[in-house]
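A.B. asks: Read top to bottom, the protein sequences are chains L and R.
Residue numbers for the first sequence follow this note's numbering, beginning at 21 and rising by one.
Residue numbers for the second sequence follow this note's numbering, beginning at 803 and rising by one.
Hints may be right or wrong, so weigh each one.
What the hints assert, rightly or not - Cross-link-like lysine to any residue pairs, in silico, SDA-like; alpha carbons within 20 Å at most:
(1) L:335 to L:250
(2) L:188 to L:174
(3) L:325 to R:1123
(4) L:28 to R:1216
(5) L:323 to L:283
(6) L:170 to R:965
(7) R:1118 to L:22
(8) L:323 to L:280
In case anyone wonders, no lab produced these hints; they're calculated from the structure.
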Amino acid sequence: MDPSEYRKQYEKEIAGAAEQIDRPALKGVLPKVDGLDQGPGLSEGYSISDLMQIATDSSRDVAVRTAAIEAIGEGTIESEETIQSLLVLLRDRSEPVELRRAVFTLLKQLGFQSKLFAAKRAEFISVLRELCDDSDAEIRTRALETLAQKKDNFAQQRLLEGLRDQGKALVPEERALQFLGYDIHADYYPLIREIAQKTGNPLAKHEAIRLLSSDPEAASLLVGIFRDKGENAEVRNACAAALRAVAPLEFERVARETALDDDDSDEVRAASITGLTYFGNRAAVARDNELSDHLESIPGKGKSKSLERAVERYKARRSY
Amino acid sequence: MRTDVSINGSTSPAGRYVSWAPSPCQIRLSDPTGATGPVNVRLRNQRTDVGGQVVFYTIRSGSGTAELDLILPTDGASVSFWAGGEFGSASIEDRDAAIEVIDAGTGTVLSLTQLMVRIRKDANTLTATERDRFVSALATLNDQGLGRFSEFRDMHTGGAADDEAHGFAGFLPWHRAYILDLERELQSIDPGVSLPYWRFDRPAPALFSREFLGEADVTGNVRFSPDHPLRFWRTDGALGIIRSPFFDSLNSNPPVRTEFQTLNIGVGFGAFTTMEGNPHGRAHVSFDGYINSTGTAPRDPLFFLLHANVDRLWAKWQWLNGRFDFTAASFPFLGSAGMPGGTRIGHNLNDTMWPWNGVTGPPRPPTAPGGTFAVSQNTNFPGLRPIVREMIDYQGIVDAASRLGFDYDDVPFEFN
């Protein structure tokens, strides 16, 4: 392809393209006024302050207000007051939930770009803590996740409380575990092991196992769940991966047993073989003729494609 | 009679990777048996129907030619030339391209040098082999949280490290360096790998599949096919990846600026860099999970593909507007921190970049993970402690030596 021809074509295409994201909801909302400070690439030529005026006007339709919030995300906020106004909107439970969700997304976006946001970070945390018991599940969940990402102790304690006492749960069990996973503390492990053993919720079980990949005392529990052929395959495979992290030799032993077991699930065998291929002891894999010979018999026997692929990769690695 | 070709200053296979930007090459008559005087040779692609394709240059100008005639002295002295990938003809596999040298008089093949036209591609268009090699290298680099990947994760955290990479002019150069450092580590595992990009203004169903970067379940846990090595992915002591899209990842894309809208933001760097908000920030927050916060984003491998696209957009803007020089339109802060008109340290043209500079203590962060910058077998740039300036002329248009050794499938190389 000739680069100069490519350039001609590209320049033609870009010249004909729309310059801004189309937001029909904002068309004609405010009269155009000469001399307004226009941010680069903002919808309808509005400034940030125009858009905030629209967004904070409770007499307007929520779709218009939400569109204004989304359009702000295309500009550069240069005033702490704008961020403050956004925090007020987020915090106000009387505002429409669609608007508050859009504000949440915008504030998260500002976390990636805005120097000014750093000055408002502490207040954002404070607002998020208030939102931990918001009536809207999405806002509540996102608030807790954002706090968990920041390793916020307040959020961690509320999540733990909810795991111990279902009546105090702010989010489902699996989400609480997931959020605690942003900053795992060793003193969480006894509770997480108990959940892995006892919960009837497979999603929570999977989350608990994910987190146990750093708990050296979880090895025997993980082996037990992994060996249970009646257990969900994804849970068993998560156990294998966690076991490899906490007890690599134990993992190699049980993964090998599973790889040799023609009566076990293809999915679990494929994952076990993959683990041995990538993370098994190279020398041990190279010497293991029994396993290699057994795996030779798998292709073409009506086994799943993922199992066959796993076997091919194992053989390829073994021959390095 | 025999010839030897060196690419990127080396006759070793490790040097045989080119991008669109021309690489320095040399050819010599290593065995002159049968030559009665200087030998006319022709360099060409061994096959033109498959594999990566190369174009040749005697001087750094113009658009390169499919064949090149040279005259080689019998004393074995080297003759220089340049070779780069033919735009639009990237390799699909390692060493699927080959420079064939023939005696221009007799047609006898004097040497065959296999190489790769190694290019960063749209992740949604990769072949299964390209995809699998990439994820294998990534899984190996991660090594369940024990591998070098943990240092890349530690380079992009919240707190003091945040200001090194975000919110100031150096956002684009810093991330260009970051993903290039990672890519070179992947290439030390598998040299045929390059970092693909997530084209976030288009649907990418192949990328968000169980065979590639996974498909979210109801809790946002990313699920992979049973034989996928990333099911062993582990960061910060926890297995797995949490990523739940707010958009239909099979049929749609996040609500970000399109490529054209992004490139139309402005012709000067000061305006263009506002893309840090949208589409960059917008793409990040189009999910729940690791990727939607600066402190946790690199725990998700998608982060690196997202930033490869951000970098591609910058590269394309540079190409469109000729922004490879050191003027304010290409980068606004032309001096060093502390000089009049300068900005925060790390974001001026002549500033070193953390963490590769190893500098710790205020205003830099308290630690500097990862050590010095990864070296390449294909170029000497940017060196162990890169400066912002070295990220601008990434194709070596202004200074051939500045080439960083990567290119994007849809951003050509053109001499000014």
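A.B. asks: State for each hint whether it applies.
C.D. replies: Against the structure, the hints:
no.	hint	result
1	L:335 to L:250	29 Å, violated
2	L:188 to L:174	14 Å, holds
3	L:325 to R:1123	48 Å, violated
4	L:28 to R:1216	13 Å, holds
5	L:323 to L:283	11 Å, holds
6	L:170 to R:965	16 Å, holds
7	R:1118 to L:22	16 Å, holds
8	L:323 to L:280	14 Å, holds
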